[in-house]
Amino acid sequence: MKLKYLLPLGIFLLLVLLLGVGLTLDPREVPSPLIGKAAPEFSLPQLHQRDQQLSPKDLLGEVWLLNVWASWCVSCRAEHELVRELAATSTAAIIGLNYKDEVADAQRWLLRYGDPYRLSVSDIKGNTGIDWGVYGVPETFIMDKRGIIRHKQIGPITRESLEEKILPLLAQLEEEQP
Amino acid sequence: MTHRSHYGLALLFSLLLSSFSAVATIEAYHFDDPGQEALYKELIAELRCLVCQNQNLSDSNAELALDLRRQTYEMAKAGKSREEILSYMVQRYGDFVLYRPPLQQSTLLLWSGPFIILVIAITTLVILIRRRKHEPQPLPQEADLKRARQLLQREKR
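From first to last, the protein sequence lines are chains U and S.
Residue 30 is where the first sequence starts when you use the working numbering, and the numbers rise one by one after that.
Residue 71 is where the second sequence starts when you use the working numbering, and the numbers rise one by one after that.
The set of hints was computed from the structure by calculation and includes no laboratory data.
Bear in mind the structure is a predicted one, so any value in this text is a computation, not a measurement.
Warning: the hint list may mix true and false statements.
Reference listing, derived: stretches of chain S covered by chain U, where coverage requires no fewer than 3 residues with Cβ under 8 Å from a Cβ of chain U [what the hints assert, rightly or not]:
(1) 119-129
(2) 136-145
(3) 162-170
DSSO-like mimics (lysine-lysine), calculated; alpha carbons at most 27 Å apart, straight line [stated by the list, open to error]:
(4) U:Lys-33 x U:Lys-129
(5) U:Lys-129 x S:Lys-111
(6) S:Lys-111 x U:Lys-66
Each residue gets a CB set at the ideal place from its N, CA and C atoms; glycine is no exception.
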């Protein structure tokens with residue numbers, strides 16, 4: 030057969046290949062430009078002790094996670110079981126960023142589903158969320174002992190992401206010198 | 071048509087129209103300086119909403135778009151320049167927030183792609199046209215010639 034007749038078939042197969050690769054990518058996962066940079070500064074009131082503030086500076090020298098959650102967020106409930114499991118098995122501090130929520134709703138939510146956080150801070154207006162580039166809840170950031178963001182989990186933590194990415198990374202960061 | 075059905079039609083139309091006006095609600099921001107207002111409008115048309123990715127900030131009703139519009143408003147009103155506001159957004163959300171990403175290594179193919187395809191298309195077209203020109207014209211068949219002659223003969227008579 031002439032090459033001329035094979036050309037459309039070739040183009041078609043190439044297209045199938047490209048579209049196939051496209052299916053395996055998730056367009057909702059926008060890589061964060063903050064990875065490798067210092068955790069953005071904030072000073073927010075704690076969810077339970079409203080007169081106390083927390084800032085990322087207070088956590089220097091520790092490996093810590095910032096888990097963005099809200100009582101109105103359905104996927105947060107889906108990942109909550111795994112956050113609790115992480116809190117029970119890991120030495121890293123888990124800080125909750127309670128994003129655009131009502132204080133009373135948030136406190137009630139933690140009473141109902143359990144509170145795995147060392148503490149949560151309230152970002153009622155969502156300004157800290159903007160500084161951290163949050164565009165969907167839940168999101169989880171992992172910081173090393175120098176306060177550098179090393180990883181961002183977009184969307185709920187899954188069994189797979191917990192075991193394949195988060196736990197190994199936390200173990201590695203614990204080994205690093207501050 | 072009775073009066074009653076007229077009334078029904080009028081009601082139907084007013085319902086249709088009212089649903090249109092409900093969609094078009096957007097928070098009204100007040101500017102003292104028309105330059106800042108123009109900047110605000112330009113930026114919210116050019117920044118992408120990260121939640122509903124094929125909409126810009128001005129089209130989107132997502133909560134995040136609302137917050138980012140407010141942020142853009144506050145920065146424009148504080149007299150920040152276009153570059154300052156854009157770099158503020160890019161630092162937090164990356165180049166993806168821009169509908170017009172900057173020309174850099176990772177976006178080279180994106181920017182040059184259409185021109186590469188145009189060059190390929192023109193080259194193919196030129197090659198095809200030239201090849202067609204050089205192709206020898208097929209000679210008329212003997213039977214066709216004979217028939218043509220017969221027709222011409224008939225004409226003469």
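Here is what the structure says about each hint:
1. 119-129: Result for this restraint: holds, n = 3.
2. 136-145: holds (count 3)
3. 162-170: This one holds; 5 residues, not fewer than the three required, reach chain U with a Cβ under 8 Å.
4. U:Lys-33 x U:Lys-129: 61 Å, violated
5. U:Lys-129 x S:Lys-111: Judged against 27 Å, a Cα distance of about 26 Å means the pair holds.
6. S:Lys-111 x U:Lys-66: The hint is violated at about 31 Å.
Hints 4, 6, counting from the list given before, are not met by this structure.
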